[in-house]
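Chemist: Here is what each chain is made of, one letter per residue.
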Amino acid sequence: MSVTTLPPLALAQRQPSWLVRLFDYKPFLIVMCLAPAIGLLAVFLTYPLGLGIWLAFTDTTIGRKGVYVGLENFQYLLTDSLWWNAVFYSVVYTAIATFGKFALGFWLALLLNNHFPFKSLLRAIILLPWIVPTVLSALAFWWIYDPQFSIISYLLVDVLHWRSSNIDFLGSAWPARFSLIAANIWRGIPFVAISLLAGLQTISPSLYEAAMLDGASAWQRFRYITFPMMMPILAIVMTFSIIFTFTDFQLVYAITRGGPGNSTHLLATLAFQRGIAGGELGEGAAIAVSMIPFLVFATLFSYFGLARRKWQQGEAND
Amino acid sequence: MTDTVAQRSVADAKAAPDTMAWDSGLRRLMMIYLPLGCFVLILLFPFYWMAITSFKPNAELMNYREHNPFWISSPTLAHIKHLLFDTAYPRWLWTTMMVAIGATTLSLVASTLAAYAIERLRFRGSPYVGLGIYLAYLVPPSILFIPLATVVVQFGLFDSPLALILVYPTFLVPFCTWLLIGYFKSIPYELEECALVDGATRLQILRRITLPLAVPGLISAGIFSFTLSWNEFIYALAFIQSGANKTVPVAILTELVTGDVYQWGALMAGSLLGSLPVAVFYSLFVDYYVSSLTGAVKE
Numbered sequence: 001m002s003v004t005t006l007p008p009l010a011l012a013q014r015q016p017s018w019l020v021r022l023f024d025y026k027p028f029l030i031v032m033c034l035a036p037a038i039g040l041l042a043v044f045l046t047y048p049l050g051l052g053i054w055l056a057f058t059d060t061t062i063g064r065k066g067v068y069v070g071l072e073n074f075q076y077l078l079t080d081s082l083w084w085n086a087v088f089y090s091v092v093y094t095a096i097a098t099f100g101k102f103a104l105g106f107w108l109a110l111l112l113n114n115h116f117p118f119k120s121l122l123r124a125i126i127l128l129p130w131i132v133p134t135v136l137s138a139l140a141f142w143w144i145y146d147p148q149f150s151i152i153s154y155l156l157v158d159v160l161h162w163r164s165s166n167i168d169f170l171g172s173a174w175p176a177r178f179s180l181i182a183a184n185i186w187r188g189i190p191f192v193a194i195s196l197l198a199g200l201q202t203i204s205p206s207l208y209e210a211a212m213l214d215g216a217s218a219w220q221r222f223r224y225i226t227f228p229m230m231m232p233i234l235a236i237v238m239t240f241s242i243i244f245t246f247t248d249f250q251l252v253y254a255i256t257r258g259g260p261g262n263s264t265h266l267l268a269t270l271a272f273q274r275g276i277a278g279g280e281l282g283e284g285a286a287i288a289v290s291m292i293p294f295l296v297f298a299t300l301f302s303y304f305g306l307a308r309r310k311w312q313q314g315e316a317n318d
Numbered sequence: 001m002t003d004t005v006a007q008r009s010v011a012d013a014k015a016a017p018d019t020m021a022w023d024s025g026l027r028r029l030m031m032i033y034l035p036l037g038c039f040v041l042i043l044l045f046p047f048y049w050m051a052i053t054s055f056k057p058n059a060e061l062m063n064y065r066e067h068n069p070f071w072i073s074s075p076t077l078a079h080i081k082h083l084l085f086d087t088a089y090p091r092w093l094w095t096t097m098m099v100a101i102g103a104t105t106l107s108l109v110a111s112t113l114a115a116y117a118i119e120r121l122r123f124r125g126s127p128y129v130g131l132g133i134y135l136a137y138l139v140p141p142s143i144l145f146i147p148l149a150t151v152v153v154q155f156g157l158f159d160s161p162l163a164l165i166l167v168y169p170t171f172l173v174p175f176c177t178w179l180l181i182g183y184f185k186s187i188p189y190e191l192e193e194c195a196l197v198d199g200a201t202r203l204q205i206l207r208r209i210t211l212p213l214a215v216p217g218l219i220s221a222g223i224f225s226f227t228l229s230w231n232e233f234i235y236a237l238a239f240i241q242s243g244a245n246k247t248v249p250v251a252i253l254t255e256l257v258t259g260d261v262y263q264w265g266a267l268m269a270g271s272l273l274g275s276l277p278v279a280v281f282y283s284l285f286v287d288y289y290v291s292s293l294t295g296a297v298k299e
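Line by line, the protein sequences are chains A and B.
Mind the numbering: the first sequence is residues 1 to 318 in our numbering, read in order.
Mind the numbering: the second sequence is residues 1 to 299 in our numbering, read in order.
Hints are not guaranteed to be accurate.
Pairwise CB distance ranges, derived in the manner of DEER restraints [unchecked claim]:
#1 Tyr68/A - Pro90/B: 44 to 54 angstroms
#2 Asn114/A - Asp287/B: 14 to 24 angstroms
#3 Pro127/B - Ser204/A: 24 to 34 angstroms
#4 Ser206/A - Leu84/B: 56 to 66 angstroms
#5 Val91/A - Leu84/B: 54 to 64 angstroms
#6 Leu34/B - His161/A: 20 to 30 angstroms
#7 Gly66/A - Met97/B: 49 to 59 angstroms
#8 Val280/B - His115/A: 26 to 36 angstroms
#9 Pro57/B - Thr61/A: 39 to 49 angstroms
#10 Met97/B - Gly39/A: 24 to 34 angstroms
Derived by calculation from the structure, the hints in this document are not laboratory data.
C-beta: ideal position from N, C-alpha, C; glycine also.
Only chain A is shown next, with the shape it has when bound in the complex:
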């Protein structure tokens, strides 16, 4: 249809300049097209990644060029209880938050997959927690978790009379840890739900019809059709979710800054505290680099998820 907008004769008659002819030379055009993206990524991603790994083996501080110290930073981290604490909390945070996000997000996706009025409006509203800047919604949670004026405490104590005193959400280690996880789950549900909804909509209704004829119950239909058909998309979305939950920074930095008593430090916030705020660039980089093995593991997980997906598609295409 757009072809008609091109005046073919006029184009053929005009003699193109050397510049135009150069851009018509395919290898040149390819290089020119890829240059901005590859250039940006090389300078601001690949180079820093390499530099970060190098820094992890030096004792660089802010304002002073460091020297190579081998594995010293890592050896120190192994004796550092705060680092172990951050590893522990990062794993707990990722595991519980991912489980929560996926359980609730999957449920929400199944609910949204039904027919009811104002469905698209509802879908739009539900994505809001994911759109709004994390730090800003984290501040709202900080206020919701206020020791004195928490609205949750008000509901539990004054309205429902379930408790006799306010909850001090962020005052001690475990309540603070779970408060952060709850905020993370809240933020993650929309993305998981909308992504999984997309997956649900690709499942052919004829599968369910066949299962109903065979007398499968709702639970059996979920267990033997929905769940296996959703496996590939679950694997992909989960990989993303795990990577970004494990390396999360904003939520913790905004609500607790690692406190109380350093109990809620994730590896990312600890790296920031040591590397930028504390000026120990080398040590901060080592903490950041110590996240990489975990991320490689998550990416491999994604790879096998994709492999499985291909196999399933092949079967479905028969």
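Place chain B on chain A using the hints.
Modeler: Just chain B now, kept in the frame of chain A:
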């Protein structure tokens, strides 16, 4: 348990039609509408709380005994006024806007060209270039911010919003390229071949045929880039030091949170005002947003 459910559905089928309709109506209410209502309530409550706090006078904020905390008896604009006139908030909003627009433009240009080269010009190794760019998305900012801070210092860009405009494409370009490759894929090759036969140059084809047809993709890539830049936190926190150059998320946290008594009214007003531009922008293009998100996952 499954057996009883199966038996019941058989029993349902045998029951009179009107009782079945009533039964399934109640079932729908309990199984779908009630949980959906709870989800919506919980997902939206923090925003409601943010909004209501922004307009509450301090006396009401700190007194739940005499005032219903879920409502405002005497709304006030004092917090917003304080924010707009006593702080550098307008400046922060402006900086954030400029950074988001700059990073979005840069990323859109770079990723459109890259996606075009990878998907339409087709060369040996183009799938690997595509895969490489996609993998870049999996490198989280939390690993990069320390070395990037030293790179930014080397370039003399420390404390400058320009640093953010240049750095944000590291996570925007992979995402946009990935999204646009999908869009370019959906445009039939025949259109370009016809134009080639007619003597159009490749740049003309890109400008007059491929790009116009990829406009929905460009819009979604633009929205995603804009919201992601607006939301970015860790780089802005690490690279910007002076109060005036900060972006909204960083400034609220580092400039407004002062002392032992938190100014919750002003903080929530700041969060509300900082969320509004993305929320408005999002609501304008919500269909693109949802469809490209679902499309990207389906790909």
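Chemist: Determine for every hint whether it applies to the structure shown.
Modeler: How the hints compare with the structure:
no., hint, result
1, Tyr68/A - Pro90/B: 44 to 54 angstroms, "holds, 48 angstroms"
2, Asn114/A - Asp287/B: 14 to 24 angstroms, "holds, 20 angstroms"
3, Pro127/B - Ser204/A: 24 to 34 angstroms, "holds, 29 angstroms"
4, Ser206/A - Leu84/B: 56 to 66 angstroms, "holds, 58 angstroms"
5, Val91/A - Leu84/B: 54 to 64 angstroms, "violated, 43 angstroms"
6, Leu34/B - His161/A: 20 to 30 angstroms, "holds, 24 angstroms"
7, Gly66/A - Met97/B: 49 to 59 angstroms, "violated, 38 angstroms"
8, Val280/B - His115/A: 26 to 36 angstroms, "holds, 30 angstroms"
9, Pro57/B - Thr61/A: 39 to 49 angstroms, "holds, 48 angstroms"
10, Met97/B - Gly39/A: 24 to 34 angstroms, "holds, 26 angstroms"
Hints 5 and 7 from the earlier list are contradicted by this structure; the remaining hints agree with it.
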